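**Student:** In case you want the letters, here they are:
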Amino acid sequence: MENRIGLEGQSSSCKIVKILGSQSNVHGVSKIAKARSTPRRIFWIILVVLAFITATFQIVSVVKKYVTYPVVEVVNKSRKTQVAFPALTLCNTNPTSMMKINQVILNNTDILALFQFIQTANVGEIKTKLQSHQAFYENFPMVDIGHSFDDLVLSCRFNNADCGIQNFSRHFDGTTYFNCFTFTGNTNQMQAGIDHGLSLILSTGDRSPQQPGSYGIYDITNPSSYGLGIRAQINSPDTPPTPIYQGFGVPPGYSLNVGLTASLHTTLPFPYGECSTSKNQTDKNAVIICLQQCQQDILIKKCGCKTSALPDAHNSNIPFCLNIKNWRSQPDLFQGKDEVHLEMIECKRQVMKEITNDRSYEDHCECYEPCMETSYDQSISMSYWPEEFYQFSLLETLSMKAKHSSELVKEAFDTLNSTLQKYTDYLSQGIEVEYDINDQIKLARASKIIRQNFMRLNVYFQDLRVTEYTKIPTYSMASLLSDIGSVMILWLGFSMLSFIEMFELIMVLIMHLFRSHLYILGNKSG
Amino acid sequence: MENRIGLEGQSSSCKIVKILGSQSNVHGVSKIAKARSTPRRIFWIILVVLAFITATFQIVSVVKKYVTYPVVEVVNKSRKTQVAFPALTLCNTNPTSMMKINQVILNNTDILALFQFIQTANVGEIKTKLQSHQAFYENFPMVDIGHSFDDLVLSCRFNNADCGIQNFSRHFDGTTYFNCFTFTGNTNQMQAGIDHGLSLILSTGDRSPQQPGSYGIYDITNPSSYGLGIRAQINSPDTPPTPIYQGFGVPPGYSLNVGLTASLHTTLPFPYGECSTSKNQTDKNAVIICLQQCQQDILIKKCGCKTSALPDAHNSNIPFCLNIKNWRSQPDLFQGKDEVHLEMIECKRQVMKEITNDRSYEDHCECYEPCMETSYDQSISMSYWPEEFYQFSLLETLSMKAKHSSELVKEAFDTLNSTLQKYTDYLSQGIEVEYDINDQIKLARASKIIRQNFMRLNVYFQDLRVTEYTKIPTYSMASLLSDIGSVMILWLGFSMLSFIEMFELIMVLIMHLFRSHLYILGNKSG
Amino acid sequence: MENRIGLEGQSSSCKIVKILGSQSNVHGVSKIAKARSTPRRIFWIILVVLAFITATFQIVSVVKKYVTYPVVEVVNKSRKTQVAFPALTLCNTNPTSMMKINQVILNNTDILALFQFIQTANVGEIKTKLQSHQAFYENFPMVDIGHSFDDLVLSCRFNNADCGIQNFSRHFDGTTYFNCFTFTGNTNQMQAGIDHGLSLILSTGDRSPQQPGSYGIYDITNPSSYGLGIRAQINSPDTPPTPIYQGFGVPPGYSLNVGLTASLHTTLPFPYGECSTSKNQTDKNAVIICLQQCQQDILIKKCGCKTSALPDAHNSNIPFCLNIKNWRSQPDLFQGKDEVHLEMIECKRQVMKEITNDRSYEDHCECYEPCMETSYDQSISMSYWPEEFYQFSLLETLSMKAKHSSELVKEAFDTLNSTLQKYTDYLSQGIEVEYDINDQIKLARASKIIRQNFMRLNVYFQDLRVTEYTKIPTYSMASLLSDIGSVMILWLGFSMLSFIEMFELIMVLIMHLFRSHLYILGNKSG
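Chains as they are written, first to last, in the numbering used here: chain A, 1 to 526; chain B, 1 to 526; chain C, 1 to 526.
No incorrect hints appear here.
Once the Cα atoms are required to be at most 27 Å apart in a straight line, the calculated BS3-like pairs of lysine-lysine come out as: (1) A/K401 - C/K353; (2) C/K77 - B/K353; (3) B/K127 - B/K353; (4) A/K65 - B/K471.
In case anyone wonders, no lab produced these hints; they're calculated from the structure. Values in this document were obtained by computation on a predicted structure and should not be read as measured data.
All chains should be built: construct the whole structure from the sequences, respecting the hints.
**Tutor:** What follows is the structure in structure tokens.
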């Protein structure tokens with residue numbers, strides 16, 4: 001390369017290329033420049049071109065790989081990570097409190113009138129809908145016939161301390177459960193084990209009908225009602241409760257142990273995936289709630305009414321779809337022989353059917369999962385509770401504990417107490433007795449109240465280890481550049497400095513051509 | 001390198017190697033060629049050899065890594081993926097219908113004769129086996145004593161519409177459950193929530209013995225029978241049901257909610273793993289069924305008989321192992337004082353024991369998982385059902401609904417109805433009454449029928465997000481080539497074009513030797 | 001490069017650098033050395049320095065990546081892997097056997113005296129603690145009032161063979177459950193399905209109080225007791241049982257099916273993660289037990305007493321915290337009007353509270369998970385058991401089977417038997433009868449004993465496929481070297497041999513300087 005002939009003495013650009021090329025570190029290029037025979041030069045030109053094409057293909061493929069933004073999930077079990085105690089939402093599977101209904105109906109002639117009206121109105125298939133709990137709420141949204149907190153929760157213990165109504169917030173669901181109550185512990189994870197969790201004694205508030213013959217109507221098309229129990233849902237305190245979708249049942253007469261193990265899922269936002277990093281939009285955080293709001297918006301747009309089955313739309317002056325507005329003003333119309341079509345109800349049914357069958361609307365809703373989500377694996381098991389041996393003492397404790405003690409607790413306690421009193425009197429006098437039949441029937445009744453109404457729910461961490469699922473990018477910009485570099489070196493012997501080299505070559509060439517041009521111009525003019 | 005001396009003028013091959021070597025881009029090689037002192041040349045030769053060895057080791061290690069075909073699992077939660085509603089298989093844990101047995105035994109003297117024969121035959125330990133349900137089926141495969149669909153399913157609702165026997169297919173299991181029924185929704189995933197799933201009211205068809213003293217025999221070695229309930233299994237519609245292995249129990253008197261979350265598992269076929277991509281072999285798709293067919297084949301080969309506990313072998317003229325063929329022709333033999341060995345039963349027991357203890361036969365069965373599998377995570381919970389308040393209405397609805405209404409439904413309804421009628425009459429006359437003791441016993445009996453026989457089963461998607469587990473190769477052929485390239489460059493400064501260079505060197509050398517040879521020959525001949 | 005001027009003839013170090021530099025394969029370096037104009041040389045020097053800096057940054061980043069020791073989890077479902085049948089630990093949720101208590105208290109005046117003492121002592125809030133099962137154990141550790149094996153397990157079948165007390169080992173828990181029994185199968189995984197698993201018939205040993213009025217005291221602050229049932233835990237045979245933390249309840253009157261699927265988790269020890277590879281420290285293997293031992297050590301250090309709620313500390317001559325040592329010697333002190341502070345109990349409460357709220361002590365405990373862990377996914381479901389039709393036969397079998405048959409089994413069997421005998425006599429005479437009321441009450445009582453005491457527990461593999469979760473390093477030392485190599489080549493055109501080259505250059509330079517020095521010295525001295 002130590003070519004004696006100076007760059008200045010050369011006139012042909014070809015020579016410049018040849019000289020710089022022979023100095024090139026790009027392997028093939030120096031070969032071409034230094035080749036002494038034409039066939040050998042052609043041979044090397046073909047090779048270099050082929051290598052160039054191959055390298056281009058490989059570079060395109062690594063760039064393609066990069067723009068798919070591949071991720072991989074890394075799983076790690078950590079004892080260090082602190083996870084909040086979950087929120088626990090409790091709903092009575094039977095939405096209405098019989099006691100409240102009795103109070104409300106006796107005092108409210110409006111409601112009785114509407115009931116009678118629906119009974120007689122000729123509305124065809126829709127009648128079942130109009131007799132539902134949802135219809136009641138949508139016509140009388142201000143009348144509360146749901147269960148109260150005191151009816152639901154008889155005793156609450158959390159992390160070895162008492163808890164109460166101040167730890168719960170009300171969650172209203174207008175369709176299936178009415179009043180639900182959500183417990184939030186407001187603490188980070190503590191010790192594992194039943195003793196350090198939440199322990200509740202719950203009541204379904206059910207009372208068998210006193211009057212024979214007064215029986216409720218079973219609607220076979222409603223799969224979630226007509227059972228006795230509490231619907232419970234455990235979810236992250238950051239997300240709103242959705243007991244209709246997720247959750248589990250707590251049957252009466254049993255102690256349900258729910259052992260939790262927490263998981264922390266971290267996903268990556270755009271361009272790696274779809275998730276929202278915003279913290280303030282609590283409701284938007286739950287995709288299901290976000291989609292329901294989207295459904296509500298579609299419903300309002302198409303029918304001009306909203307439904308209590310979906311979250312409240314922002315403008316509250318929109319009427320409910322099942323609200324029968326004008327029944328009082330035009331009773332003749334409804335009670336005529338011709339079937340009356342209630343437009344809004346029809347429209348709503350149509351829209352909901354479309355939404356159910358065609359989920360394409362979801363694309364316009366912009367509902368994304370949060371990028372960081374805590375979930376709780378639940379291991380549920382049951383044991384028979386309370387043991388007969390402890391029933392009396394339990395009822396005594398409960399009836400003393402609660403200020404406004406549940407009617408049911410009182411009834412069961414009084415029944416047991418009066419029977420027992422008699423026999424403890426006998427016993428203190430040293431008389432050995434057995435229960436007589438009447439007392440046995442009484443005891444059986446008290447026992448039935450207990451077994452059909454009361455349950456215990458223990459929720460606790462069974463393992464403090466948190467499983468962290470973290471998505472991490474597997475192919476960074478640095479890796480992309482490194483791979484492109486590797487390809488170029490592999491096929492062309494081309495390092496980053498070779499770029500500069502080519503740039504230098506091109507610059508020298510341009511300068512030479514410019515100078516030659518000036519020389520020619522000078523010659524011409526001279 | 002611009003060596004003036006032409007290649008033609010050189011006579012020694014060594015010089016050619018030296019010249020081409022000094023032109024080489026393989027770093028060490030040019031060093032060796034251009035080295036002016038022998039120690040420096042030796043130094044560089046040693047280095048190049050060492051580098052060569054290191055590079056070879058590294059290349060071997062990356063090739064080894066490649067041939068293990070490493071994969072990684074990518075997890076993704078998607079709302080877009082559509083997953084089919086699963087198949088639900090229902091079996092009564094009590095395989096036989098008491099009603100059918102009564103009908104069959106009264107009409108079939110053959111069966112009674114065999115029963116009596118087994119009772120008296122001296123067959124030792126095998127007697128328990130011969131008294132089993134399986135033995136009954138293997139001797140009388142044409143006699144159906146299993147539960148009928150109408151006995152099992154009292155009401156069926158799917159996605160807000162009625163469903164019935166036309167949505168179910170019969171799955172027969174000859175050992176444990178006899179008649180099972182499999183529901184297939186034939187729809188892709190729709191909305192989440194209880195309201196859009198499958199809701200069934202089921203019956204165990206159990207009736208407490210009318211006659212005191214007629215009690216069944218409890219076999220302590222049979223862990224799956226003697227309970228009351230339905231065995232249910234949820235599986236992908238593509239795979240056959242295996243209720244004995246997977247599945248869960250549905251106890252009577254409760255409403256069982258099964259919330260589903262779907263997962264889609266995609267694995268890679270050979271060489272990355274073992275799975276079958278074929279779509280048409282439905283049965284082969286379930287490894288467990290495939291292995292059972294393999295077991296059946298071994299049994300048939302070794303004992304000449306098949307068992308109803310395993311899937312049907314292809315040739316149906318093979319007898320069942322528990323079939324007692326010749327009892328009628330030689331009763332004396334069986335009832336003699338010496339214990340009779342039933343060869344086929346003995347042989348089968350032996351073969352099944354071997355298969356259980358030594359799973360090496362599985363290697364010859366060629367049973368692979370399907371490469372694409374849908375699974376459904378189940379979250380099961382219970383609530384007390386039906387609430388007493390709705391029992392009468394439920395029975396009324398069921399007894400009107402079913403054409404061939406279940407005997408049990410009728411009995412419970414009639415009991416309740418007759419009692420209630422009396423009191424509604426009183427009530428309409430304004431007389432306040434309490435149930436008398438007889439009526440209370442009647443009501444208790446009706447209530448017992450309901451609580452011990454009927455149950456509700458709700459199966460629904462609790463989340464429409466599908467978790468996709470996809471295995472992808474982590475080390476492609478392109479990566480392998482790239483890594484080999486990197487190693488060669490790193491240790492030898494060796495790019496792809498260097499290969500061509502070496503090839504050129506070798507070609508020139510061969511041509512030179514050939515020419516020299518011709519020249520020597522020419523001189524000799526000259 | 002074929003420079004005619006010998007190294008020897010050169011006197012300036014600069015020239016040596018230039019010549020060797022021009023021979024260099026490090027691209028930029030040869031450019032600098034061979035550059036004929038100063039601007040071009042400066043240009044290339046700047047470029048080479050920039051490239052050096054960039055390369056350094058990239059190398060630092062790959063080294064950083066390496067020292068995080070990244071791992072990835074590979075998931076694989078295998079039929080080949082053999083997994084041991086899990087250990088099953090059974091505890092009665094009611095820790096004490098009523099029968100044993102009656103026996104013990106009648107014979108032990110010491111216990112009665114302490115009971116009376118606690119009743120009357122003025123100890124404030126601690127009284128509840130002193131009345132607990134734990135306090136009983138800590139004062140009388142030698143008195144066994146827990147359930148015996150025969151009371152708990154009525155029948156045991158494993159893999160089609162009988163099993164018994166010889167397959168169980170006792171696990172004592174001094175707080176909640178007292179006597180637990182752990183089954184170990186000592187076999188590797190066999191066939192899947194209920195028939196090849198473990199089938200137990202269990203009893204809670206509960207007996208309703210015979211005397212009316214004698215009722216137990218319900219402590220609302222204790223969330224785990226007062227139910228009827230068995231607490232069961234399934235864990236790897238290698239780890240000690242922790243039924244308080246993990247586990248599920250088995251309610252009486254049901255058959256619980258537990259279908260298992262095994263998983264094998266392999267993690268990597270230091271530096272990839274924290275896990276212990278040692279095999280011999282069985283107790284250390286369970287982090288939860290290790291941490292509890294650590295807690296016990298803290299308690300002993302701070303209060304000088306140990307608690308039965310935590311594993312035994314190594315030195316056994318430490319007293320229990322709830323042990324009331326000196327009550328007999330100074331009764332006046334305790335029964336005085338002033339509230340007595342029991343120091344050890346107070347101290348323990350304080351320490352336990354600190355430990356619960358501040359988990360920082362865990363860092364000093366050196367508790368690591370084992371690197372290889374087997375876990376068992378459980379799918380639990382229930383069915384009503386035993387069917388009334390088979391109750392008599394079941395009781396007959398159980399009462400004949402067990403040598404020391406449970407008192408409860410005997411009672412229930414005798415009740416049923418005496419009633420049935422009467423009616424079978426009638427039946428044999430051809431008289432058709434119905435049960436009279438007294439017999440119905442007897443039958444109901446027998447039925448209640450069965451439904452409130454007996455349960456069946458089936459544990460079996462529902463799938464023989466073992467899911468293997470294996471952590472593997474994703475970035476080995478080889479990859480690190482390869483990446484460093486790539487970076488150097490990419491930015492500097494720097495292969496491994498270039499290192500040697502630089503080394504050579506430096507050596508030649510040093511030798512030259514040394515020789516020049518000698519020459520100068522020679523000249524000076526000459």
